[in-house]
Amino acid sequence: MDPLLFIHIPKTAGTSFRFGVDAALGKERVCRDYGPSSVETSAIVRQWVQPNADLWRFRSAFRAEGYLFLTGHFHASRYAGLFGVERMVTFLRDPVQRIVSEYQHHQRNYGYGEPLETFYRDKSNINRQGRLLAAVPWAGLGFVGITERYAESLQQFNRKFGMAVPFLDENQARESIAKPYTLTAEQRHELESLNADDIRLYRAACAQLDWRIRLAGSAPGYVSGALMRQEHGRLLGWARAEQGDEPVSVCFAVDGEPFAVVSAHEYRGALRERSIGRGGFVGFSVKIVGLSSGARIECTVAETGQPLVGSPWVLRGKV
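Take 18 as the starting number for the sequence shown in the numbering used here and just add one per residue.
Warning: the hint list may mix true and false statements.
So the derived label-pair ranges between C-beta atoms look like this [said to hold, decoys possible]:
no.	residue 1	residue 2	range
1	D272	A81	55 to 65 Å
2	K44	S309	57 to 67 Å
3	V56	D272	24 to 34 Å
4	S310	Q124	43 to 53 Å
5	D139	K44	30 to 40 Å
6	C223	Q124	20 to 30 Å
Derived by calculation from the structure, the hints in this document are not laboratory data. All C-beta atoms in this analysis are idealised placements derived from N, C-alpha and C, irrespective of residue type, glycine included.
Please work from the sequences and hints to get the whole structure.
Below you can see the structure in the form of structure tokens.
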């Protein structure tokens, strides 16, 4: 099979997942990039993934060694050009709970002695999930699971990629990841305010997982896609069906009224660079001239009603 890459966001049940992948593929088939100081990091990563290094030589060594999976705490952009966004997977967790979990991890393992507020106000810990996925279209990732829904996420991952990754629970710190940490109202409010971008990302990913489950086993199945931006009197986006190679038909409604149906076959060079599919011919656009600022535009897959990421879109400024 073509290699898969796991963007292991800290404290999202990633350890359980990668141990499961070890069991399914064999540990010798799993390459690790957890940074130069980690004993987990594989030798070929230490050799080839260096500043100003030729990463194509890493890709060649990766394949020559027979690796089928790459996992680690890395930004998605590091390897997107080598393996493609469609071969990347990750798990997201409720942002507030994830931050508190990482704080306690630092206390236990690194002797961190500052209060929780100091930890979560540090810029490096704000909206961390989204920053690790920045520079790639996250909606185009091969799979996005949800930590709080780990079992059903794993089932959908196995279904899509034809794997048999077992359910493992390697979180030794707590009895159940589903049991939320206790916070004061002030702490929760500040955490939610600081991490508003990650909360939006998490909620959108949860909604997309719902649709993936709903459409599993049906045709045309799940569609990756998103609204991107409005420019020059048009609203632009992209959509790519996981099954087949036909362009996706996309429906638009404005303030609840049907507006247009378009085909997602326009060229998007930036998406081609990320190997989204169909050679980049996955884009669509719709004319919005004459619509009022504040109009609410819904964008759904014509055959299934699945909303694309970013829908509904509220028109901004003068169109």
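Worksheet entry | D139 paired with K44, Cβ distance criterion 30 to 40 Å | Check passed, 34 Å falls within 30 to 40 Å.
Item to complete: Take a look at whether the Cβ-Cβ distance between S310 and Q124 falls inside 43 to 53 Å.
Response: Holds, at about 48 Å.
Worksheet item: C223 and Q124, beta-carbon distance inside 20 to 30 Å?
Response: holds (28 Å)
Worksheet item: Does the Cβ pair D272, A81 satisfy 55 to 65 Å?
Response: holds (56 Å)
Discussion item. I want to verify a distance hint. Is the separation of the beta carbons of V56 and D272 within 24 to 34 Å?
Written reply: Because 57 Å falls outside the window, the suggested range is violated.
Item to complete: Mind checking the hinted window 57 to 67 Å against the Cβ distance between K44 and S309?
Response: holds (58 Å)
Hint violations for this structure: number 3 only, all remaining hints satisfied.
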